[in-house]
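Make the complex out of the two chains shown on their own, each in a separate frame, by following the hints.
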Amino acid sequence: MRPPVIACDQLSVDLGGVRVLENVTLSVGDGDFLGLVGPNGGGKTTLLRVILGLEKASAGIVRVFGGLPGSFPGRIGYVPQRLFFDREFPISVRDLVLMGRLSKKKLFQHYNALDRTRVDEAISAAGLERLIERRIGDLSGGELQRALIARALAGEPELLLLDEPTASIDPQMKTTIYDLIEHLKERLTIVLVTHDTALIGRYVTKVATLNVKLELHESGATAGRASLSGVAAQNPVFLNP
Amino acid sequence: MLQEIFAFEFMRNALFAALLSSVACGIIGTYVVVKKIGFISGGIAHTAFGGIGLGYYLGINPLLGVIPFSLAAALAIGLLSKKAKVAEDTAIGTFWAVGMAVGVICIGLKPGYAPDLFSYLFGNILTVPAFDLWMIMLLDLLIIAVVWLLSKEFLAISFDEEYAAVSGLKTTALYLLMLCLIALTVVVMVRVVGIVMVIALLTIPAAIARMLSHSLPGMMIRAVVLSAFFSICGLWLSCLLDIASGATIILVAGFCFLLAHSWRFVRLLPGVLPG
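Just so you know, the sequences run in chain order Z and D.
My numbering numbers the first residue of the first sequence as 1 and each following residue consecutively.
My numbering numbers the first residue of the second sequence as 1001 and each following residue consecutively.
Not one of these hints is a red herring.
Cross-link-like lysine to aspartate or glutamate pairs, in silico, EDC-like; alpha carbons within 16 angstroms at most:
(1) D:K1170 to D:D1160
(2) Z:K213 to Z:E22
(3) D:K1035 to Z:D86
(4) D:K1036 to Z:D86
(5) Z:K56 to D:E1162
(6) D:K1036 to Z:E88
(7) Z:K213 to Z:D14
(8) Z:K174 to Z:E143
(9) D:K1083 to Z:E55
(10) Z:K104 to Z:E158
(11) Z:K185 to Z:E158
(12) D:K1035 to Z:E88
(13) Z:K185 to Z:D32
(14) D:K1082 to D:E1162
(15) Z:K56 to Z:E22
(16) D:K1035 to D:E1161
(17) D:K1035 to D:E1088
(18) Z:K104 to Z:E156
Label pairs and their computed distance ranges (CB to CB):
(19) Z:G67 to D:K1110: 56 to 62 angstroms
(20) D:G1093 to Z:N23: 40 to 46 angstroms
(21) Z:L54 to D:G1254: 36 to 42 angstroms
(22) D:E1088 to Z:K56: 21 to 27 angstroms
(23) Z:G66 to D:S1151: 29 to 35 angstroms
(24) D:P1217 to Z:R87: 18 to 24 angstroms
(25) D:A1087 to Z:L216: 39 to 45 angstroms
(26) Z:V18 to D:G1093: 27 to 33 angstroms
(27) Z:G41 to D:K1110: 57 to 63 angstroms
(28) D:A1097 to Z:Q172: 54 to 60 angstroms
(29) D:S1151 to Z:G41: 37 to 43 angstroms
Hint data in this document are derived by calculation from the structure and do not stem from the laboratory.
As the structure is a computational prediction, the values presented were derived from the model and not from experiment.
The C-beta atom is built at its ideal place from N, Cα and C for all residues, glycine as well.
Next comes chain D alone, as it looks inside the complex (with noise of 0.2 angstroms):
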């Protein structure tokens, strides 16, 4: 049955970007994990919903609208709750509803109707074109070695940014950077699972990627691993049951999040009861 799916460009497509998307899912999710920044990744995948209505609204590719309008969202965010003394779930709300409300009236402006949509809300793995599989290949290329390059820096920002100030690092421009990163990854999972439902593969195969690991490198792999796997089983059940395939991996990455929740609490059960 595999061979027979994979005779199909749009399928073989689908994997790619599975695969592909995965990276950086992997890599910067772990960030996010530990840095506990969920909520400002929701807030940035959000307001790049603006981005893509700009691209609708201007007939080009949406996603090259999503890159400007993600990278900013980051910046304003990051800049807002950092310097002008804006409490950060403020600042995050505030640009999460924008974002939203200047897509949906640039979509409206465009005469007649905008027919997938839905796909950037939801995510649609399976129309991805050749152009934004080689967009998420190159912006994969740009996450590793922007995070190959800073890995000390950013591993010490993410543990304690108090300590890494005082070791003379630029932690303020470093976590700009860092959030301009989840931007991009943002823009690489619009296609995958919608800008809606991105932060749940941002979070959920790190944060069980966190529980096996012992170091911020292994629990990047873990986490790519485990999000591939993820993409691709959600992939293989929507095609197999024919039901929407972004909200497919969801609902398997969160269920694989409750089993491996469950298992641990299992695993510790002896030690709570008495005797």
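If we strip away everything but chain Z, and leave its shape as in the complex, we get (with noise of 0.2 angstroms):
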């Protein structure tokens, strides 16, 4: 049997003396698709940060495709929170979407004609064709977010970890990048982080609501809209905008 995708047993993370997840256990399969909310400073974040190898576990054991976090940099897309970079930085939509080969190449190894179509099929994906040339400065929130896709999607991954990706872009784009993430669904491995209880339970196949501890809502595409409202229910934070 294969090994599932993501695997945390009892995980706990310290950061700067404060427990910031506490005994998470989870396990995301091959086809998965998990949504994951839960209030600001919850743990979301870190989570996704853990799985990536960035931050470290104080207790538990995590495993991503079997291995260590980070073992597997090049089967992993990832989407951060769009605010952490420069936007005044001079690169065009195809050079920031370049950037998703990085994981598939060496040292001193230079792009090639390989990395340049599978950029031009995850832009085209994206439905960025039209802006390819375009600095990033000049985009707007929903077409940032769609390059940052893209970029994840140029690296071929096996599993696709979102940050918010919706975060500060208005409703109908928002609906225009669920229908991508959608589509994507069929060939990937989902973890999406987010605020939209409202929005993703159409889509995602688990949810799990993280508040320094983690729970699993029950699995199955229909069941997810119903959990989500006893979710927000009991948790008024989600209500708020």
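Structure (structure tokens):
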């Protein structure tokens, strides 16, 4: 049997003396689409960072593709929150997406024709063909978010981690981004961190709420929405925009 | 008039020094600007004064003293701020002052007057010896080779270090290497504008170039051209007016920086004003 894509067992994480995650046990299988919701500061981003190998577990075990986190950068696509880089950076959409090929290349190796083909494919999957030469500073929030998803896709990942891809995007754009992600779930395992409890029910196969401790809700696409409204009722925080 | 000026060997050397140093300056300055590490670069440059003092004391070419000193400063500042949980500006400030102090002590220990000390602090492009030109050229070639080999890695850590780490890059090692290239660029620039003013030529041409560029290579080329333009204009003006060359180069660069920003401001103005 293949190992689960992500397996956390009794995972705890302390950051600066504060317990951010406690006793998180979680298994994400091949083809799953996990929606991760919870209040700000609940540890959602930290859990992604542990899976990526950017943060160390204080206790417990984490395995990604059966190995230690960070062992298989080429199999993971990561879409970070888009706030954390300089929008004035002189880089085109094409070169941004090309960065997604980094994990497939060796040190000193330059990008080649195959990389450029994969980039073109990822850009058309994200519907950004017209903007390919555009400087990222000239993109709208929704377009930039699509470009970041294209960057993750260009690396041909098996697992896609998205950290609040729809934060500070207007509602219409949100739906188009979810439609794009929906399209991907047929071929990828996806973990999606989000605040949009009302929107994701349609898309995910599993939902977990994370507020230091993790609570996994029932599986199955149709159950998602019902369990989420239950979650929202118990945690008024979610109802705030 | 130009022909008369370049009949002198020292003027030809000055011109070569201006052109050669612009190469390193534009390429590395681009990283300094987009990665916002100007203060680190200033720290490395000032720490390098310790190397000049050491070179004096040992009686060797001071530039040979600067190379190991500034490389050590780059590695130490980088490692302290990345690994030892020392605040980056504290690490920089400490090295900045300690390096200068070592330089002052070394120069004091050497009997006699240090005549061209001033030229290392504030540059004197008119007194660049041929040996230093060769060294500047070698360092240029080294910088170009490393940047060419690691262009995708340097782009990744400049843009988003965390994403670079997730992609499997050794980001700390690459960052330290980038700081070492800055240190070598400081060595290149010492003769032209001096260690006190290096930071201006590392940042101004690249900052103006950024306004006009859509990619890092494009920004580098523009920064090299601008840097050469500032150096040659400054050199020419300083001869014409008989004033200090390094300072004139910096003033030309600073003036153009203001001009570029004013132009951008004026261009954006209609959008800012109502109606």
